[in-house]
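Visitor: Each position in the sequence shown, counted from 1, maps to that position plus 328 in the numbering used here.
It cannot be assumed that every hint is accurate.
Straight-line distance between alpha carbons at most 20 Å, and here's what the computed DMTMM-like set of lysine to aspartate or glutamate pairs gives [what the hints assert, rightly or not]:
(1) K407 x D419
(2) K401 x E411
(3) K408 x E335
(4) K408 x E423
(5) K407 x D427
(6) K460 x D378
(7) K401 x D433
(8) K407 x E423
(9) K407 x D433
Derived Cβ-Cβ restraints for the label pairs, each shown as a range [to be verified]:
(10) G432 x I462: 39 to 49 Å
(11) M416 x S447: 36 to 46 Å
(12) L430 x A354: 52 to 62 Å
(13) I379 x Y426: 21 to 31 Å
Hints listed in this document are in silico derivations from the structure and should not be mistaken for laboratory results.
Every value quoted in this text rests on a predicted model; they were computed, and no experiment measured them.
Even glycine gets a Cβ: it sits at the ideal position worked out from N, Cα and C.
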Amino acid sequence: MIERVHEHIIEELNTNTRTDTLFVLAGIFLNLIILGINSGISRAGGVATDIVFYILILLLIVMNLVVETGLIKGRQSRKKLLEGLLRMYKDQGVEGYYDASLLGDYRTRYNLFMIVVLSFGFVALVVPFVVKLI
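Based on the sequences and whatever the hints tell you, model everything.
Guide: See below:
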């Protein structure tokens, strides 16, 4: 039975990794798309263009909030799964084979992912306004 629980935790960790990768890549990709579109249309005049510009800015903000929330939840899930795995290893007497400091490393990695996505989001937010003003 313990083997099944271990397999399930490992599967959950793999799913968590894939989901987090999807969030990061989608966040970066959509930030770049919105950056390109808004930079392109920011010089055009007209009410319709301004409406599209601001709708995309709103989409950019919402999308980055969703990505960041997803990454925060992913970090929390990974921490819980790994803590459970560590308890299981301790109960089985093999805790020496898994370094508990990896939990802190994962937290740092998630923070870096979030900084990368937010940096792209910041650039996608600011650059079109600068182009619009010039």
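Visitor: Does the alpha-carbon distance linking K408 and E335 stay inside the 20 Å limit?
Guide: holds (15 Å)
Visitor: Starting from the range 36 to 46 Å, see whether the pair M416 and S447 falls in it by beta-carbon distance.
Guide: For M416 and S447 the Cβ distance comes to about 37 Å; the hint holds.
Visitor: State, for the Cβ atoms of L430 and A354, whether the hinted interval 52 to 62 Å holds or is violated.
Guide: violated (26 Å)
Visitor: CB of I379 to CB of Y426, is that within 21 to 31 Å?
Guide: violated (54 Å)
Visitor: Are K407 and D433 close enough, with their CA atoms no more than 20 Å apart?
Guide: holds (11 Å)
Visitor: Within 39 to 49 Å or not, the Cβ separation of G432 and I462?
Guide: holds (44 Å)
Visitor: Does the alpha-carbon distance linking K407 and E423 stay inside the 20 Å limit?
Guide: holds (16 Å)
Visitor: Would you mind confirming whether the straight-line C-alpha gap from K407 to D427 stays at or under 20 Å?
Guide: holds (14 Å)
Visitor: Please work out if K401 and D433 have their alpha carbons no farther apart than 20 Å.
Guide: Roughly 16 Å between the alpha carbons, so the hint for K401 and D433 holds.
Visitor: Are K407 and D419 close enough, with their CA atoms no more than 20 Å apart?
Guide: holds (18 Å)
Visitor: Please verify whether K460 and D378 have alpha carbons no more than 20 Å apart.
Guide: At roughly 10 Å apart (the allowed maximum being 20 Å), D378 and K460 satisfy the hint.
Visitor: For a C-alpha distance cap of 20 Å, please report whether K408 and E423 respect it.
Guide: Roughly 16 Å separates the two Cα atoms, so the pair holds.
Hint compliance for this structure: hints 12 and 13 are broken, all remaining hints hold.
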